[in-house]
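Put together the whole structure using the sequences plus the hints.
Line by line, the protein sequences are chains U and S.
For the first sequence, position 99 (counting from the first letter as 1) is numbered 112 according to the working numbering, and the numbering increases by one without interruption.
For the second sequence, position 421 (counting from the first letter as 1) is numbered 517 according to the working numbering, and the numbering increases by one without interruption.
It is possible that part of the hints are untrue.
Said to hold, decoys possible - Below, computed lysine-lysine pairings styled on DSBU-like, alpha-carbon distance capped at 35 Å: (1) U:Lys-124 x S:Lys-350; (2) S:Lys-314 x U:Lys-27; (3) U:Lys-160 x S:Lys-462; (4) S:Lys-314 x U:Lys-124; (5) S:Lys-695 x S:Lys-565; (6) U:Lys-248 x S:Lys-482; (7) U:Lys-103 x S:Lys-402; (8) S:Lys-590 x S:Lys-695; (9) U:Lys-27 x S:Lys-158; (10) U:Lys-160 x S:Lys-482; (11) S:Lys-627 x S:Lys-350; (12) S:Lys-482 x U:Lys-124; (13) U:Lys-31 x S:Lys-482; (14) U:Lys-103 x S:Lys-482; (15) S:Lys-397 x U:Lys-103; (16) U:Lys-103 x S:Lys-490; (17) S:Lys-182 x U:Lys-160; (18) S:Lys-462 x U:Lys-103; (19) U:Lys-214 x S:Lys-158; (20) S:Lys-131 x U:Lys-214; (21) S:Lys-590 x U:Lys-31.
Honestly, the hints are just simulated from the structure, not real lab data.
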Amino acid sequence: MNFRLRIWRQPNRKSPGKLVDYDIRDISPNTSFLEMLDILNETLLGRDEEPIAFDSDCREGICGTCSLTINGEAHGPDHPGAVCELYMRKFRDGATIIVEPFHVGSFPIVKDLVIDRSVLDRIVQAGGFISARAGSAPEANSIPVPKHNADLAMEAAACIGCGACAAACPNGSAMLFTSAKVSHLAFLPQGDPERASRVLKMVQVMDAEGFGNCTNTYECEAVCPAEISASFIAKLNREYARAVLQRSAGE
Amino acid sequence: MIGTFDAKIPAGPLAQKWRSHRDHSRLVSPNNRRKFEIIVVGSGLAGGSAAATLGELGYRVKCFCFQDSPRRAHSIAAQGGINAAKNYQNDGDSVYRLFYDTIKGGDFRSREANVYRLAQIANNIIDQCVAQGVPFAREYSGYLANRSFGGAQVSRTFYARGQTGQQLLLGCYQALCRQIAADTVRMLPQTEMLDLVIVDGRAKGIITRNLRSGHIDKHAADAVVLASGGYGNVYYLSTNARGCNVTGTYRAYKRGALFANPSFTQIHPTCIPVSGEHQSKLTLMSESLRNDGRVWVPKRKENREKVPGEIPEADRDYYLERKYPSYGNLAPRDISSRAAKEVCDEGRGVGHSGRGVYLDFADAIKRLGEETIRERYGNLFEVYEKITGEDAYKVPMRIYPAVHYTMGGLWVDYDLMSNVPGLFVIGEANFSDHGANRLGASALMQGLADGYFVLPNTLPNYLAGQMGKRPSPDCPEFREAEQNVHARIDRLLKVNGTRSLDSFHRDLGLLLWEKCGMSRHENGLREALQKIPELREEFWRDVRVLGSDEDFNQFERDESAGAHFREEHQTPDGEALRDDERHAAVFAWEFGGDGQAPKLHREPLHFETVDLTQRSYK
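Have a look at this one:
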């Protein structure tokens with residue numbers, strides 16, 4: 014298969030970027046999208062041109078490192094799945110493919126297609142945990158957790174932290190990401206003691222870092238490789254309201 | 097050789113060793129802990145849990161990872177589960193049984209004391225993870241669920257869907273985040289370790305490179321903990337992530353740390369086969385598929401490229417069922433892998449490359465209905481379709497073995513300290529607990545045992561004698577190591593050749609896969625030992641960017657044990673034939689200088705509790 018690629022090139026955070034055209038030929042339909050970029054980079058290296066910088070690691074859809082917008086869709090056309098799970102057979106032979114990084118104000122571009130998502134770590138650092146010292150945990154079966162709640166917690170906890178939700182959102186909102194962590198821990202009895210302070214602190218950091226708000230367009234859910242449901246955003250709103258009321262009631 | 101080569105196994109009965117060792121180890125008082133700086137390299141299950149726990153205890157920790165966030169370490173990709181001897185099923189499980197299954201699964205090539213401690217700690221890990229909010233699978237009663245795994249007759253594996261590694265890692269990432277916020281841990285992502293600094297015979301720091309800016313930095317500490325994973329990617333194609341490399345442990349080896357049992361590498365039987373030369377990695381398909389799938393290849397090689405549906409039953413060879421009638425398609429990992437290689441070597445392998453066998457669900461679908469199969473394995477069939485474009489409900493899956501895990505690693509004593517004092521090695525990076533073969537659901541157990549419970553209890557024993565002895569990062573040893581790093585980078589950049597790093601890595605991987613892969617023979621090993629220096633020479637003449645290299649002599653282990661299968665040593669029915677007389681030992685290699693042969697040290701293994709039997713799962 015042959016393709017024309019229009020790829021975002023940007024030397025660093027400060028310089029302006031632009032789309033640059035590359036033609037690539039004789040690609041097997043069984044090549045993954047990222048392997049196709051590997052091949053392009055080998056070709057560029059052979060021509061003494063600078064290879065295209067892009068991020069990837071596990072290449073099986075679980076680490077959340079890859080972060081490309083393809084033809085305007087976060088993670089490309091084959092949902093649900095991360096870019097590393099996208100194969101060239103999903104494209105028409107001879108197609109033009111536009112490749113950009115996740116464009117989100119809070120994810121500055123480092124170089125070409127590589128972005129800085131450290132802000133997602135800072136949201137978790139604000140309170141996305143249960144304080145449990147190693148050595149102090151009680152016997153695991155001492156607190157039963159209803160299966161329904163455990164299953165909901167698992168659905169929320171499946172988030173891979175890629176940031177596609179914010180990239181797809183017209184408001185650049187990270188509410189799906191934040192709601193997944195808040196919901197995961199709020200569904201479990203172990204998360205209860207820190208439930209109110211957790212949601213308040215995480216939302217505060219999320220807002221301070223410049224992410225937008227949710228206006229129910231559900232683009233986040235449509236592109237999420239882990240199929241996180243937008244209903245967790247409703248859960249986040251409820252948790253937040255509950256915590257604010259508790260705080261104003263002086264609890 | 098630096099330091100001692102003594103495993104320092106505590107005296108006393110097996111079940112009391114860990115308790116009595118902790119009772120008699122030295123401690124560091126809470127007020128003094130903040131005076132110690134600890135470096136942790138790696139943020140996976142072992143490194144992440146160690147950094148979080150040491151931070152919580154009050155030490156000043158610096159944690160390094162090459163990824164952009166500690167949450168992306170490759171522990172995240174583990175699917176199946178984590179073992180513990182809770183005996184929630186009331187099916188006869190116990191700490192002793194978990195210990196025995198693990199040491200037998202490893203073909204009696206690991207230390208009794210280490211494995212027993214692992215089995216004892218396993219229960220604490222489950223408690224800890226549940227307290228952190230890890231959403232393990234539960235029964236309708238609200239209590240924790242278990243599943244069965246290979247190599248055990250009890251049901252002791254805890255799991256979170258097919259994403260157990262992800263959930264355990266996120267649990268320890270969250271604990272780490274809490275310590276980062278509390279300022280006890282300083283996280284340095286996108287930073288790789290390029291050298292180990294040794295001052296007066298003790299590990300006192302590392303040299304790093306920031307992968308974004310290229311900046312080289314010196315970091316001094318009171319102890320260095322390596323949790324940088326295994327060396328599976330030396331084979332180029334493996335189930336490891338792209339960024340997993342062996343640089344951390346290899347630099348430590350070059351500085352004098354012993355590398356133990358390098359020939360113990362695990363090949364997983366059910367992976368999606370290689371589809372082309374530009375393939376960048378292999379994807380594991382859970383072993384559970386073999387519960388309902390039947391493995392076969394055509395009887396005659398002429399039929400190899402035929403559409404599978406057109407090959408009549410009589411012309412199919414269900415070779416696992418034929419060779420292992422009692423275990424059939426559920427034969428153990430190493431045996432299934434070798435059997436697949438054998439039929440492909442005979443020219444009967446299927447798929448474009450001829451390196452594949454069918455895993456056929458047609459019978460199971462006929463018996464149970466497509467809906468049941470979809471319920472059991474739906475997500476795996478989806479992954480398969482994404483990668484291959486084929487619908488496994490209609491045509492058989494194609495699978496082939498792939499490199500998955502390395503049991504070997506840096507040598508450590510009972511305290512998880514290498515022979516270099518102050519250098520601790522945890523998780524897959526060390527060699528300690530799995531012997532010659534790792535059982536399923538044991539890797540996660542070991543990583544978290546090391547990080548949450550073993551290291552935090554053994555590290556103070558070393559640190560207590562090191563108060564106020566942290567050198568300045570401007571001392572001559574740091575300057576020498578920094579210059580060493582700069583010189584190496586300059587040398588690599590000056591080559592300015594024509595071949596990419598990946599092309600060399602692919603060549604090296606292919607050579608190792610062919611000659612030191614699923615089974616090894618003396619002739620092949622000799623050939624590899626001759627070709628690796630040639631490849632290294634070409635690398636330094638013609639490479640265009642950066643890389644690393646490795647070679648070890650595998651003749652010395654002139655026996656078969658678990659995953660190390662020497663074709664010369666097998667039982668009449670093709671099982672691994674150990675030589676307990678001569679080789680019931682850890683083989684640890686000392687770096688002998690560039691281009692020089694490494695030197696072998698042996699640590700004899702003493703078995704006081706278990707009998708060394710012929711491992712048989714027939």
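Below or equal to 35 Å on CA atoms is what counts here, so check U:Lys-103 against S:Lys-402.
Holds, because 26 Å separates the two Cα atoms, which is no more than 35 Å.
Straight-line alpha-carbon gap U:Lys-27 to S:Lys-158, limit 35 Å:
Within the cut-off at roughly 30 Å; holds.
Within a Cα-Cα threshold of 35 Å, do S:Lys-482 and U:Lys-124 meet the stated pairing?
29 Å, holds
Distance restraint between U:Lys-248 and S:Lys-482, which requires alpha-carbon spacing of 35 Å or less
Measuring from Cα to Cα gives roughly 32 Å; hence the hint holds.
Hinted pair, alpha-carbon criterion (35 Å max): U:Lys-31, S:Lys-482. Please report holds or violated.
31 Å, holds
Check the hint pairing S:Lys-462 with U:Lys-103 against an upper bound of 35 Å on the C-alpha distance.
The given pair, whose Cα atoms are some 31 Å apart, holds under the 35 Å limit.
Check the hint pairing S:Lys-314 with U:Lys-124 against an upper bound of 35 Å on the C-alpha distance.
Holds: S:Lys-314 and U:Lys-124 sit about 26 Å apart, inside 35 Å.
Is the Cα-Cα distance between S:Lys-590 and S:Lys-695 35 Å or less?
32 Å, holds
Compare the distance between the alpha carbons of S:Lys-131 and U:Lys-214 with 35 Å, and conclude whether the hinted pair is satisfied.
It holds: about 31 Å lies between the C-alpha atoms, which stays within 35 Å.
Given the hint that S:Lys-397 pairs with U:Lys-103, test it: the Cα-Cα distance must not exceed 35 Å.
It holds: about 33 Å lies between the C-alpha atoms, which stays within 35 Å.
Are the Cα positions of U:Lys-160 and S:Lys-482 separated by 35 Å at most?
This hinted pair holds, its Cα atoms lying about 31 Å apart.
Within 35 Å, alpha carbon to alpha carbon, are U:Lys-103 and S:Lys-482?
At roughly 10 Å apart (the allowed maximum being 35 Å), S:Lys-482 and U:Lys-103 satisfy the hint.
Going down the numbered hints, you'll see the structure goes against none, and every one checks out.
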